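Peer 1: Build out the structure end to end from the sequences listed, making use of the hints.
2 protein chains.
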Amino acid sequence: MVSGILSNINSELEVVVGKSSQGDWKVKGTKGLTAAEDLVLKTFRVLIADLCQQFNGGHPGGAMGMAAIGVALWKYVMNYAPHTPDWINRDRFVLSNGHTCLFQYTFLHLTGYKDMTFEQLKSYHSDRVDALCPGHPEIEHQGIEVTTGPLGQGIANAVGLAMASKSLAAKFNRPGFDIVSDHIWCMVGDACLQEGVGLEAISFAGHMRLNNLTVMYDNNQITCDGPVNLTNTEDINAKMRACGWNVIEISDGCWDVLGLVEALEASKHSALPTFINVHTVIGVDTSVAGNAVAHGAAIGTDAVASLKQLYGFDPDRRFVVPEAVRDFFKELPQRGEAMVFRWRAIFDRYREVYPTLAEDYTRRHGGDLPSDWESLIPTEFPSKATATRASSGLVFGPLAESLGQFMVGTADLEPSVYMNWKTKENFEPPELGTGSYTGRFIHYGVREHVMAAVSNGLAAYHPGMFIPVTSSFFMFYLYAAPAVRMGALQHLQVIHAATHDSIGMGEDGPTHQPIELAALYRTMPNFLYIRPGDSEETAGAWMAAIKARHMSSLISTSRHALPQLTGLTRRTGVARGAYVLEEAPQKADLTLIGVGAELNLAVRVATELRTRHGLTVRTVSFPCQRLFEQQPPQYRRDVLRKHTGVPVVVVEAYAANGWERYANAAVCMPTTRFGKSLPGPKAYEFFGFSVDSMVTRILGFVNFFHANPEMRVEFVELTSVGDE
Amino acid sequence: MVSGILSNINSELEVVVGKSSQGDWKVKGTKGLTAAEDLVLKTFRVLIADLCQQFNGGHPGGAMGMAAIGVALWKYVMNYAPHTPDWINRDRFVLSNGHTCLFQYTFLHLTGYKDMTFEQLKSYHSDRVDALCPGHPEIEHQGIEVTTGPLGQGIANAVGLAMASKSLAAKFNRPGFDIVSDHIWCMVGDACLQEGVGLEAISFAGHMRLNNLTVMYDNNQITCDGPVNLTNTEDINAKMRACGWNVIEISDGCWDVLGLVEALEASKHSALPTFINVHTVIGVDTSVAGNAVAHGAAIGTDAVASLKQLYGFDPDRRFVVPEAVRDFFKELPQRGEAMVFRWRAIFDRYREVYPTLAEDYTRRHGGDLPSDWESLIPTEFPSKATATRASSGLVFGPLAESLGQFMVGTADLEPSVYMNWKTKENFEPPELGTGSYTGRFIHYGVREHVMAAVSNGLAAYHPGMFIPVTSSFFMFYLYAAPAVRMGALQHLQVIHAATHDSIGMGEDGPTHQPIELAALYRTMPNFLYIRPGDSEETAGAWMAAIKARHMSSLISTSRHALPQLTGLTRRTGVARGAYVLEEAPQKADLTLIGVGAELNLAVRVATELRTRHGLTVRTVSFPCQRLFEQQPPQYRRDVLRKHTGVPVVVVEAYAANGWERYANAAVCMPTTRFGKSLPGPKAYEFFGFSVDSMVTRILGFVNFFHANPEMRVEFVELTSVGDE
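The listed protein sequences correspond, in order, to chains W and G.
Position one of the first sequence corresponds to residue 1 (UniProt numbering), numbered consecutively onward.
Position one of the second sequence corresponds to residue 1 (UniProt numbering), numbered consecutively onward.
Just so you know, not all the hints are guaranteed correct.
Any copy, or any two copies together, can satisfy a pair, since identical chains are not distinguished.
To be verified - List time: in silico EDC-like cross-link candidates among lysine to aspartate or glutamate, alpha-carbon distance up to 16 Å:
(1) K682 / D130
(2) K682 / D127
(3) K547 / E425
(4) K422 / E710
(5) K171 / E380
(6) K424 / E352
(7) K642 / D589
(8) K424 / E380
(9) K171 / E425
(10) K682 / D38
(11) K547 / D372
(12) K171 / D38
(13) K642 / E359
(14) K682 / E352
(15) K682 / E710
(16) K587 / D372
(17) K547 / E582
(18) K384 / D130
(19) K114 / D86
Everything labelled a hint here was simulated from the structure, so no lab data went into it.
For clarity, every value in this text was computed on a predicted model and none was experimentally measured.
Peer 2: Here's what the structure looks like:
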């Protein structure tokens, strides 16, 4: 139990019991527990053991060790409504150690979430196709705030949820009207404190003073490989304090419900985010207690039986939930509905006193953008050559300025990515003097991974309430990729503005020049990778990304200036993925595809082929493969004409992989090497993207294609490297 | 200057001058410097300013601020030999903040590295194709230990270099023979302390007690977006101490050469890795000093002129290096050669006293494996169905056990990845009692990214001295991807053993089931993604990866048991990327490609199509696209027969993207959704990989193909999803 005087709560609160050593600690048995609590903990653990044993799989040990934390949270501390699970002012719970999902599923069942029936609970690790108990929590299901599993993501999502709440509270709360007052609770294991994205999240949340966030550390000192001290011997409490967190330690986390309740409550009144270091025992009270084998496998029938005997349960009966345990949680749905009722009553008053704010809140609660948002996008652009990263700024700036839904961040590249706007304010803790929580521009620091993961949290707070935008160089979206994927997987609308997207970025060299990265994002499910070729197409790219309310997108732009292909490019064309720029009579010699920063090169090559070599050349702009795949087959065929025997060649300064579906050949980057540090134009030239060089190779290919019809099934890479 | 009594050196050394606040500090002018040092610092800064101004680009400010650190290192502290740059016992210097590369290039020039002529130095940001001064340091060039640029990678590489040195020292050093005694020096900026991979590296290095590693923090409190406190307000010194580091602070890092020398020397005698927090001023003494604009752009002609005036240089002359500055560094090549001479003399004695050790050392120094290494690989395998992850263990275990070159690690999945071996010892600091530095099995913790980045450092220590092996679930190689890429980019031989590589991994669900990830690794330059189908092919995969001495590889294996396709699969076939499993007469109805865990399904489908439907079906195993691309065109055509009009269908439980080059259709995963949490066999069934379902769809496709010759140019995805 936590010692110290908890009524004396302030930002410096720190209650330490015992030491942070990895020494043993004794389970205190039922000390300090009511009879009902004692029975609940024992029932919970036996049930977890049964559920894993049933199909001989799953992760029992962690969930068993964390039982008391769950009782403290769901019974005593969290504000939520099992029968109105989407109530917007509910506290959010994130299980960052998602493999212990049975922990959450079981509490969802006991506390009365309607979908989580006992039958459903028992489907964990079954082959039931409509199960609500997958191997990791999934956002689609009642009571699950974010999908977790890949470690470190959940804690970063929780940071995003806490920022969402701070942002809404700063914008909408008024004296006497705490419309937004939810708290974010996040459970982590050892792994989330080892993963880089988790460490980025900790540092960032500490800086942001997110005192509406409590992280509970299931400190069982056991990982798959064995004791944590095989790989980690740091002083975690000191590290968290150095990162700006309030730290509380609970020595007997398996049983000390009261201490946990006091600690959790205390954390709601801290000036800093709170880290509760809860010492637990994995697989507590079983024969594998404190052992790595308790982590990721059923504990075995003998061990289950022994546990039941120890706890006074009948070893021959499975899935027993005594009536007293059901009674213990019975009041919770009703309590939740009362919370919802009170909140709605307050909101009704609020609507009378602050009608404009309430209207804005209600619109965003409905997930809507103002109906005229498209009118904010420029209809035309300056005629001078413009980098598409700058075009992105021209297109998005007015949207960001006007629409409170957009939370826009950058991984320390504000001067390069053009994602800021005139009147922007930074999202910062007010006490630092660099912004406030009403700000919507986020300096993520050089932390691309957490930028994307926090953005997922912002988007997950409530559907459509926020549209997070991230920004960095395209190459660094490889750092962010695990979180970008999680956004797509969860159908979260997050827009990633990636600049410097080709060898045209120049001097920074091969480490910064993407070659293979587009292949990942073009293949990623439920994701749009859009590479516009000029300002007009950049407008189309943003429109497509904003309209994709249940997908994540990446808009991929150039560092260097690109000519405006005015009269050729069309924003409506971008919406279809690919479209004909320059048409030709039925019998063309070539369909030439240009993409993104290389679109203008394709247009120039086509002109050369027409004027100097007499070829009939069609040109196609192809900013997004996924959008093109969504078009009807006839449209796709009309655009490419590949099936009519016209050779199709694509020009793009990436590896060709992925273009084989649409083209017969590619002027592309080789996959035998990476890029090269040279000024942008010189880099293009070095890798054979000068117009003359491309014309020569494409002519050669067209001749080959017509002369060797049987070879048309082979895809040809037309690469050229300066020094080879 | 560092205060305190430095002769009193111990593990607790900590000398703090000033505070870690972000307040201003005054440049001390020439206090404490010799006249020569003073001139060197000023010349260096003016030269940096000139070099960036010349082509109006580059990163001047950081390099200028770090000048004194460079003088302390290259003149006074580091052991190295400019004229024998690959001397194996040299200290290694890693510039983790790689954008400040001019810092390193200029010291390489001044200290006498022969390739780095003054003309070369002046090629920074030029369009010179054979320049040695790319925008970030590149490993191919003299004096550069690792390629850096993507932030956080360098510090993780430095950890790997330090582990390499520890490992060699533990194995080869004997009383009186410190054959291995090099120290690793790593320069970082704010960003490397924000990036997750950097934070993983810090935690891991602290645990590993790598006291042969010194990290110098160029603490100028400025990033691209402005002051660091926009995004980071943590107490970095306290954080480093919590992570097990020795911390030294230098308050006047722009000028305090003597203090820096004392701190650097002290760090060599610490029991812990050392973090030197060096307070500097970005763009010191210029009109943009302390300003973000000094970071990533030339400072402007006026500012350059003013700096020259301040320092007493002629504003009209560029690239001036006074003779006194040349003299200051003149002795270094000779000093270096003396070090090499002494080391060789000691090694000659060592060879006499410890001939076996010396022979082993010399062989590894030459980068060679024992000539009979292939004989360690089993020639046959048990006939029972075996997961290819287990096959990996059968193949690699004997190699790991016998060959000291292999340093094998796992990101906390030892029980799952089968990369351990009977007599393995953990690489651990001896004082923890969990292993020693002679151990070759590394528990990286749940830190996939640093696992790959550290492995790059191990491989970069000396060509071929180590072959690092990493292991985790395939999906988590998305976390590791930025470092995996850096290994491929640097031609480092690192082998990544990735398990659980398809939906067959089952219950862990969509977050753990790869769909799009193979597209990334198949496209990555200089990289082998190899997906074997049974034990025999797994042998082939390891042989291919081990023979690729200048590439990185990923061996992608199944969680679930796969039947042994004995008599069909061939390890020699894997070496060619793809090969015919079952041939057919000239006129076949179908070439059916199977890949990895789905190879056995393709074989079963082929049998069904032959026996029940009378089709003539050829089967092809296709474990590695990159190796196949390296084969002669005729071989490739003979394997696929696509050009003869035979329809080619591939069976793989990934997105089809990338197979269009080889096949006309794919039985594959859809890209409209991610996977599903179900037991492995059920997951295969859910996504249409039951034999019956595949047979039906492939038959339909073959009929379509023959009936619609004009449609043969279109690629067809044969997907099926259970609940749609």
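Peer 1: So which of the earlier hints does this model not fit?
Peer 2: Of the numbered hints given earlier, those the structure breaks are 3, 4, 5, 6, 8, 10, 12, 13, 14, 15, 16, 17, 18, listed in rising order.
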